[in-house]
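Residue numbers (the working numbering), protein chains in the order written: chain A, 332 to 593; chain B, 93 to 421; chain C, 208 to 473.
These are calculated hints, taken from the structure and not from any lab test.
Predicted model only: the values in this text are computed from it and were never measured.
For glycine and all other residues, C-beta sits at the position ideal for the given N, C-alpha and C.
Among the clues, some could well be false.
Unchecked claim - A partial selection of chain A residues facing chain C, derived with a Cβ cut-off under 7 Å: (1) R348; (2) Q350; (3) V351; (4) W498; (5) A504; (6) A514.
Claimed, not checked - To spell it out: a stretch of chain B is covered by chain C in this simulated footprint if at least three of its residues, at any positions, have a beta carbon under 8 Å from a beta carbon of chain C; those stretches are: (7) 158–169; (8) 186–194; (9) 215–221.
Unchecked claim - Using C-beta positions, here's what the derived DEER-type ranges look like: (10) C:I458 - B:D205: 23 to 33 Å; (11) C:P310 - B:Q173: 50 to 60 Å; (12) B:G172 - A:F333: 35 to 45 Å; (13) B:R220 - C:A231: 32 to 42 Å; (14) B:D205 - C:F392: 27 to 37 Å; (15) B:R109 - C:I458: 50 to 60 Å; (16) B:R220 - A:R415: 31 to 41 Å.
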Amino acid sequence: MFLAFAISAFRTRIAYRSQVWALLFGVALEIFARVSIWTAVYGGNSVINGVSLWQMVTYSVLAVALFSDWDSIELVRDVGASIRSGDIVNQLLKPYAYPASLFARTVGSKLSQVLLIGLPLIAVIAFAFGLVPPASLGHALFFALLCLVSAAMIMAVGIVFGLLSFWVLDAHALEWFMRGFVAFLSGGFVPLWFFPPALSQIVALLPFSWIAYHPMAVYLGQVDLAGAGLTLLGGLAWLAVMVGVIGWLWSRTTGRLVVQGG
Amino acid sequence: MSPIIVADHVSKTFQQRVRAKGTMGGLRSFFSRHTVPVHAVADISFAIAPGEAVGYLGPNGAGKSTMIKMMTGILVPTTGQVEVLGVSPHAERVSNARQIGVVFGQRSQLWWDLPLSESFELHRRIYRIEQARFDHNRAEMLAMLDMASFIDRPVRQLSLGQRMRAEIAMALMHDPKILFLDEPTIGLDVVAKDAVRRFLAQINRERGVTIILTTHDLQDIEHICPRLIMVDDGRLLFDGPLAQLHAAFGARRRLTLEFAEDPGPVMLSGAEMVGASPVMREFLLPDDGRSLVDLIAQLGNPPGLRDIELHRPDIEEVIRTHYQSRQAS
Amino acid sequence: MRETLSLMWFLVQLRVRTRLEYRAGLVVAWLAQAFGYTGVFASIWVIVARFEHIGGWTWPEVALLLGFHVLSYAIGASLTFVQLRNMEDQVRQGTFDVLLVRPINPWAYLCFSGINIEYGGHVALGLVLLAWSLPQLAIDWSWLTVLQLLLSFLSSAILTGAIITMVAATALILGRSRYLFGIYFSFWELARYPLPIFGAPLQALLLTVVPLGFMAYVPVAALLGKPVPFLGDYAGLGAILAGPLAALAAIWFWRFCLQRYQGAGG
Chain A
332 MFLAFAISAF RTRIAYRSQV WALLFGVALE IFARVSIWTA VYGGNSVING VSLWQMVTYS
392 VLAVALFSDW DSIELVRDVG ASIRSGDIVN QLLKPYAYPA SLFARTVGSK LSQVLLIGLP
452 LIAVIAFAFG LVPPASLGHA LFFALLCLVS AAMIMAVGIV FGLLSFWVLD AHALEWFMRG
512 FVAFLSGGFV PLWFFPPALS QIVALLPFSW IAYHPMAVYL GQVDLAGAGL TLLGGLAWLA
572 VMVGVIGWLW SRTTGRLVVQ GG
Chain B
93 MSPIIVADHV SKTFQQRVRA KGTMGGLRSF FSRHTVPVHA VADISFAIAP GEAVGYLGPN
153 GAGKSTMIKM MTGILVPTTG QVEVLGVSPH AERVSNARQI GVVFGQRSQL WWDLPLSESF
213 ELHRRIYRIE QARFDHNRAE MLAMLDMASF IDRPVRQLSL GQRMRAEIAM ALMHDPKILF
273 LDEPTIGLDV VAKDAVRRFL AQINRERGVT IILTTHDLQD IEHICPRLIM VDDGRLLFDG
333 PLAQLHAAFG ARRRLTLEFA EDPGPVMLSG AEMVGASPVM REFLLPDDGR SLVDLIAQLG
393 NPPGLRDIEL HRPDIEEVIR THYQSRQAS
Chain C
208 MRETLSLMWF LVQLRVRTRL EYRAGLVVAW LAQAFGYTGV FASIWVIVAR FEHIGGWTWP
268 EVALLLGFHV LSYAIGASLT FVQLRNMEDQ VRQGTFDVLL VRPINPWAYL CFSGINIEYG
328 GHVALGLVLL AWSLPQLAID WSWLTVLQLL LSFLSSAILT GAIITMVAAT ALILGRSRYL
388 FGIYFSFWEL ARYPLPIFGA PLQALLLTVV PLGFMAYVPV AALLGKPVPF LGDYAGLGAI
448 LAGPLAALAA IWFWRFCLQR YQGAGG
């Protein structure tokens, strides 16, 4: 069942070639913009805060290519639409849990994005310009695992905000609130080591920072292997919390749906 | 009297993109693209006189909507000419629009969240109808279509039947010379359909509003349109009074004979035997003017004849048979 | 003409009345969108706070750029974006055809009847940024500079409306406009930053084919006396003319696409 959802989402994504080309273009342009910004900001300096320009370029390329927040936005919109249309009531009748099916579909579309757009772009840029490799094999392994955590986190955030649209505010407003949080707290644009120190410590503990910052910090060796291990555990802990929240929200939602008679 | 609508060898061809199916097909389409020409309307000609009510009939994909779009100025013919009220509806889109009313069955022109009366007021401003004429027409329409009870309700609270009545009333508010309707009774319940049909027939006969009506529902045509244009695959199949439809399609009558016991071979000239069981014989015969009395006489006197039934196919059957034979070929 | 204008005004009234029926959500929508932008702007603030400037622009200058960008976009988009962004759906479902059978200008009807008042958050955020940054900047204020600011702002809003119109018009001939909108918004993000940080080719692109450089950078740089690539001293004039010229192009292009639509069919 999970596989079926994922595959169908994958198929939908590749069905329109102009869509893929347009997305590719958009992502490439975003990478280009980030690189320009960091180049300008670094000026002549080669290292700031212990991080070189090339490391920042690598940070930007990987963050944009792999950790985009598009999936969470789509999730919130999907849930919002399903609530508006009343379709969510049908979800109660199905054998699998609604959040799980949402997750499955997002996995399919995220995978298509990464495979068709993210990885090819990374490969092209690495080949043409060169990218900084992971700090060590151990770091690379932790990075790979944290990528999975990141994907799960972005989906969890999307599902939570989506389900909230049944209770408070509407999906459109929640989507914007979520984007505000993610834009600032995920570290996808600006790594936490550039943040004012007090702020950076707080943000590093929030779940959003596992979307982009922590995977990249591990990749670049900003933490040692022990630290990377802790980071992974922290991420998993937050995921567990999110899953719990989702489960609780969904059970409350179904309860309310049943009472209202759909 | 010169015709109010003229279609002169009108054709309309579209280029349709073809997309392959499946995952592999999807990837294949990534690297290739081709289009096929679709002849939505192929060399159709007709002329409609002022005050006529014409039904435009055909299966899905027959080119009905395309023809309506050309007559209302949305599309331009690929070849040939369409003239409405003496001008090309496309070239004179705005001035033509003032003289016609258009009702799309599945696309509403009403404002969803506001009271119906606001949509009417909007219509008045769009068509620049003077207040006195508008008030008079509005009152008349409200009475004829029995809308006073819901004129102040938000459109989203109205039933489909109420909305359709409102759309038709609105389309007539500016006294158009021609009323185009694209599937106006689709989705309506029996009572609503009846109200709409009677109303349309009335404004056609009493006020001389020319009506062009596309539909799947033959009863719409039977109640409203004395003339029927039938299309299929973009081509004109039939244009004439409804009454002549049977003859045009060579529709055949069905004669069913019931016997007390097996009568042996039964012959009837000019008829084809299509069914037989020990106590029943069935024939198909053309619409050749022979009455039941004539047929009984021509049968001779087959022993044990108990019951006779002569069935004349209604329009639905005629057309269905035609479609089926088309699909078979 | 007078009747057309009064019709448009009536449409605006109808639309605003409809939208205010669901009043409660409106202010929340404003706040939410402002919050979303604030998240992005906060990230940019972090960079400028840490590095003191981006491409030679200090924080008040960057704030002015960001405020100008979001405010002029909001004004231009309120008249065009939501109304036209689903053009490909309107074409496919035939709802656009409904407009063609009435004696109205379809673009005007679509845009005015759908006028979007949900940009309150954008407007508030933009005004706050402008109000905060302008007093801090060394601008030689005179009637001329005030006029320049207002005209180039108006021009930028018109530019936004014109570009959105042109992107939507492609749906009339291609059947699709969604991807083009995606590309528009990719460039739109670049328009937030000082142009010189991008290489010369991209700068040229953003001043010609995709004239989003005129959305914020050129007018603000002209006001601040910052260097503008290719335009130099004509930056101020360029900022004021960009919008009207784009509008002319948009009118022509929309008509062209509409003619093709009626010839080729949706």
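Here is how each hint holds up against the structure:
1. R348: violated (10 Å)
2. Q350: With a closest approach of 6 Å, the A:Q350 hint holds.
3. V351: violated (9 Å)
4. W498: violated (14 Å)
5. A504: holds (4 Å)
6. A514: Result: holds, 4 Å to nearest chain C Cβ.
7. 158–169: Coverage by chain C holds for the segment 158–169 of chain B (7 residues, Cβ < 8 Å).
8. 186–194: holds (count 6)
9. 215–221: holds (count 4)
10. C:I458 - B:D205: 23 to 33 Å: About 31 Å separates the Cβ atoms of C:I458 and B:D205, which means 23 to 33 Å holds.
11. C:P310 - B:Q173: 50 to 60 Å: violated (22 Å)
12. B:G172 - A:F333: 35 to 45 Å: 56 Å Cβ-Cβ, so the 35 to 45 Å window is violated.
13. B:R220 - C:A231: 32 to 42 Å: holds (37 Å)
14. B:D205 - C:F392: 27 to 37 Å: holds (29 Å)
15. B:R109 - C:I458: 50 to 60 Å: Violated: the Cβ-Cβ distance is about 29 Å, outside 50 to 60 Å.
16. B:R220 - A:R415: 31 to 41 Å: The hint (31 to 41 Å, Cβ to Cβ) holds, given that B:R220 and A:R415 are roughly 38 Å apart.
Comparing the model with each numbered hint stated earlier shows that hints 1, 3, 4, 11, 12, 15 do not hold.
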